[in-house]
Amino acid sequence: MKSTITLFGSLAGMAAAASLLACAATAPHELTEARAAYMQAEAGPAATYAPDDLLVAKQALQEAEKAFADKGAGLVTKDTSYVAKRKAEKATLIAERLQEEKRVAEATQAQLEVGKRAAGKLGQTRGQLAEQSTALSEARTEADAERAKRLQAEAEAKRATDALKKWAQVIEDERGLVITLSSGILFETNKSELRAASLARLDEVAALLNQSPERNVRVEGFTDSRGSDSTNRTLSLARAEAVRAYLVSRSVEPSRISAVGFGEERPVASNDSVEGRANNRRVEIVLTPLVIQGE
Amino acid sequence: MRTTIVATLLLAGASMGACATTAVSSERSAAPRAAISAAEEAGAEEIPDARLHLKMAKDQIASAEQALSKGKSDKAKRLLERATADAELALELARLESTRAHAKEAWREVKELESQTQPTTKP
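Same order as they appear, the protein sequences are chains A and B.
If you number the first sequence the way the working numbering does, the last residue is 302 and the count never jumps.
If you number the second sequence the way the working numbering does, the last residue is 146 and the count never jumps.
It is possible that part of the hints are untrue.
Claimed, not checked - Calculated pairs, DMTMM-like style, for lysine to aspartate or glutamate (alpha carbon to alpha carbon, straight line, at most 20 Å):
hint: 1; chain 1: A; residue 1: K198; chain 2: A; residue 2: E248
hint: 2; chain 1: B; residue 1: K134; chain 2: A; residue 2: E108
hint: 3; chain 1: A; residue 1: K198; chain 2: A; residue 2: D236
hint: 4; chain 1: B; residue 1: K127; chain 2: A; residue 2: E113
Claimed, not checked - Away from chain A, derived, C-beta distances all over 10 Å, residues of chain B:
hint: 5; residue: A53
hint: 6; residue: R56
hint: 7; residue: E63
hint: 8; residue: E69
Said to hold, decoys possible - Covered by chain B, according to a simulated footprint, are these stretches of chain A (three or more residues, beta-carbon under 8 Å):
hint: 9; segment: 82-95
hint: 10; segment: 101-111
hint: 11; segment: 115-122
Everything labelled a hint here was simulated from the structure, so no lab data went into it.
Ideal Cβ placement from N, Cα and C applies to all residues, glycine included.
In isolation and in its complexed conformation, chain A is listed as follows (with noise of 0.2 Å):
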């Protein structure tokens, strides 16, 4: 390069004192610089992106050649030539910038797709959120609805109940909910027709029921201990019959009421006083738990 430098210094020199008209052969190395510059630049990006400023670099070109046909290797010729070499390397330059725009560009457009993409997913999940909710506040809905309905029937129960205590007896032992009603109440001595009078206190006993649908009842009667076992067993399961015939009457599922004559079996006092055989004639009613109906 050195060389070549100084063979275009000498053939300047050369030429500057052969004058001009001597039109020397070799370009100065300005020229040559700026042709090699246009060339790259023609080559490159600048074609595509800069067409502009490549024609005006081709013209500063044109412009250094001519001063070299014209003038040789003068200073002319090598001004021109150094402009042209920049103005080469400018087309290069914002033809490079271009590009570059072209990436910004790229780059913004793929920021917003992924935003979109993002507000997508967001919307979706917020959809899914917003279902989710309303599933969860139908199932609350429902629960509520649930609780209270159980609240009510509990409600209903315990004030059946009560109503039921005020004339019969009810425990819960082992068999379950047993209510004791007097057979004084009920029957008249001897018979199993139920006394209309008994009917109104009945109709609460099957309010009852009616509210624990899931339990099943048993009707069970007894007799205080005189007359003959069988007549008492006999009489002892028509008064329950009769009994469980009325709570069927009055809308207890008949497949969940059964009735049952123990007579004199299992007294609940002793036969030798009146009072004592006045608890002993009753009719049960057993509600069995629903743990053992499960079983």
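Got chain A sorted already, so can you dock chain B onto it with the hints?
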């Protein structure tokens, strides 16, 4: 290099001294000066290549003023054209650099955004 310049200067002095009468208007030096300030605004001082061409432009304006003071207006005119070419090159070098940095940053942001939004696809 130096021999070339000496030789060409000698040549220029010999062949053009007689006809250097054309006045160089201040308008002519306005073009390179405008290009220099544009390059400086674009941050040319920060970029080595651009700073080099900026210096060449300034030096050539100074040379043009000297030439002008000696009545060599043609030489001054050509020096100003060279100065303009250098200043414009400095400007483009600075612009390319900042646009390149901008593009790099924009793509880095894309990558960052993607990495931020990607994990949400995996529940």
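Verification of the hints:
Restraint check: the Cα-Cα separation between K198(A) and E248(A) comes to about 12 Å, which is no more than 20 Å; the hinted pair holds. Distance check on the hinted pair: K134(B) and E108(A) sit about 18 Å apart at the alpha-carbon level, within 20 Å; holds. Between the alpha carbons of K198(A) and D236(A) the distance comes to roughly 16 Å, so the proposed pair stays at or under 20 Å and holds. Proximity of K127(B) to E113(A) is assessed by CA-CA distance (about 11 Å); at most 20 Å being required, the pair is judged to hold.
Annotated as non-interface, A53(B) keeps its C-beta farther than 10 Å from every C-beta of chain A; the closest such distance is 17 Å. Every Cβ of chain A is farther than 10 Å from the Cβ of R56(B); the closest lies at roughly 17 Å, confirming the non-interface assignment. At roughly 17 Å from the closest C-beta of chain A, the C-beta of E63(B) stays outside 10 Å, upholding its exclusion from the interface. The claim that E69(B) is not at the interface with chain A holds, since no C-beta of that chain comes within 10 Å of its own (minimum 16 Å).
For the segment 82-95 of chain A, the proposed coverage by chain B is satisfied: 9 residues have a C-beta within less than 8 Å of a C-beta in that chain, meeting the threshold of three. With a cut-off of 8 Å between beta carbons, the segment 101-111 of chain A has 7 residues touching chain B; three or more are needed, and the interface restraint holds. Given as covered by chain B, the segment 115-122 of chain A passes the check, having 5 residues with a CB less than 8 Å from a CB of that chain where 3 are the minimum.
Consistency note: the structure conflicts with none of the earlier hints.
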